[in-house]
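Mind docking chain L on chain G? Use the hints.
2 protein chains.
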Amino acid sequence: MGLEIERKFLVDPEKWEQFNKPEGKAYRQGYLVNEKEKTVRIRIAGDQAFITVKGATEGFTRKEYEYEIPLRDGKELLENFKLTGTSKTRYRIPLGGKVWEVDVFGGENEGLIVAEIELKSESDLFENPGFLLEEVTYDPRYYNSNLATNPYSNWKGGTK
Amino acid sequence: MGLEIERKFLVDPEKWEQFNKPEGKAYRQGYLVNEKEKTVRIRIAGDQAFITVKGATEGFTRKEYEYEIPLRDGKELLENFKLTGTSKTRYRIPLGGKVWEVDVFGGENEGLIVAEIELKSESDLFENPGFLLEEVTYDPRYYNSNLATNPYSNWKGGTK
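These protein sequences, in sequence, are chains G and L. Note that our numbering has the first sequence beginning at 1, numbered continuously upward. Note that our numbering has the second sequence beginning at 1, numbered continuously upward.
Treat each hint with caution, since some may be false.
[What the hints assert, rightly or not] No more than 27 Å apart at the CA atoms, straight line, and that leaves these computed lysine-lysine pairs for DSS-like:
| no. | chain 1 | residue 1 | chain 2 | residue 2 |
| --- | --- | --- | --- | --- |
| 1 | G | K38 | L | K38 |
| 2 | L | K75 | G | K120 |
| 3 | L | K82 | G | K36 |
| 4 | G | K54 | L | K82 |
| 5 | L | K54 | G | K54 |
| 6 | L | K54 | L | K75 |
| 7 | L | K120 | G | K75 |
| 8 | L | K38 | G | K36 |
| 9 | L | K63 | L | K36 |
| 10 | G | K54 | L | K38 |
| 11 | G | K54 | L | K36 |
None of these hints come from the bench; they were simulated from the model.
Here chain G stands alone, though its shape is the one from the complex (with noise of 0.2 Å):
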């Protein structure tokens, strides 16, 4: 069992884009269960795949239960149960010890870049890379689970 404690950030795309970036990783997932209290995910993440159970959210805290599984079984799962989810190209940005981990999303997420961090613990701190605009860690919205039904195209007024 892991405790995910992680900060979540809007990503200003025209400084993203003059920023550095190392090479992206393509990430495909979908959802077996996709409620407030439970998640179960599956991911392609280049090729690797994952099984990942989470509970509810707690402030910045998520029980989070990750399993590697064959890539095979992975692309089957995603496959044979029609799981709907996102799509995003990954990049992992090393900064001050940490690691911001910057989504592009695509489909119909296009449009959308979001910065994560995972931290030690609630108030622990981290430099800024320069590209981050508003926080939306509490922005149910932009939970990848719910970003899989209610897409960002879908949204009216959108936040920029």
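Just chain L, lined up with the frame of chain G:
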């Protein structure tokens, strides 16, 4: 991915009582999803734990994806998500190159004993271990997933 081809029979309690049994293993399981088209199960089997995804049953055949997980995670998942399920003792009986699995249920399914055999194909033959009653392969009441929500002790009239 594995294809599960199995046949299931009720067991005669008296003949089972007299049978020269090996040591049994305690099982405890609960469901993160329990729908007709898919189940996600957490199982504790002795000192091992597993997460298992299954699709819909088609004839004798069912798609199954099973992964071992740390025992501690399995216990936490059952407790944290308050998963309801079944408990039973399972006995493995080798016979004629195959293995019978006899499940002696506890809790709300007390009194139910079921024997299962896994086959190579739907027409594969097997030896009769002598304690079988009628076949219940096609009876959905005996699915473990249904025994979790509608246990044996609730059935009116029973099946004997």
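Inset, instruction - State the violated hints by number, sorted upward, taking the hints as numbered earlier in the document. - result: none
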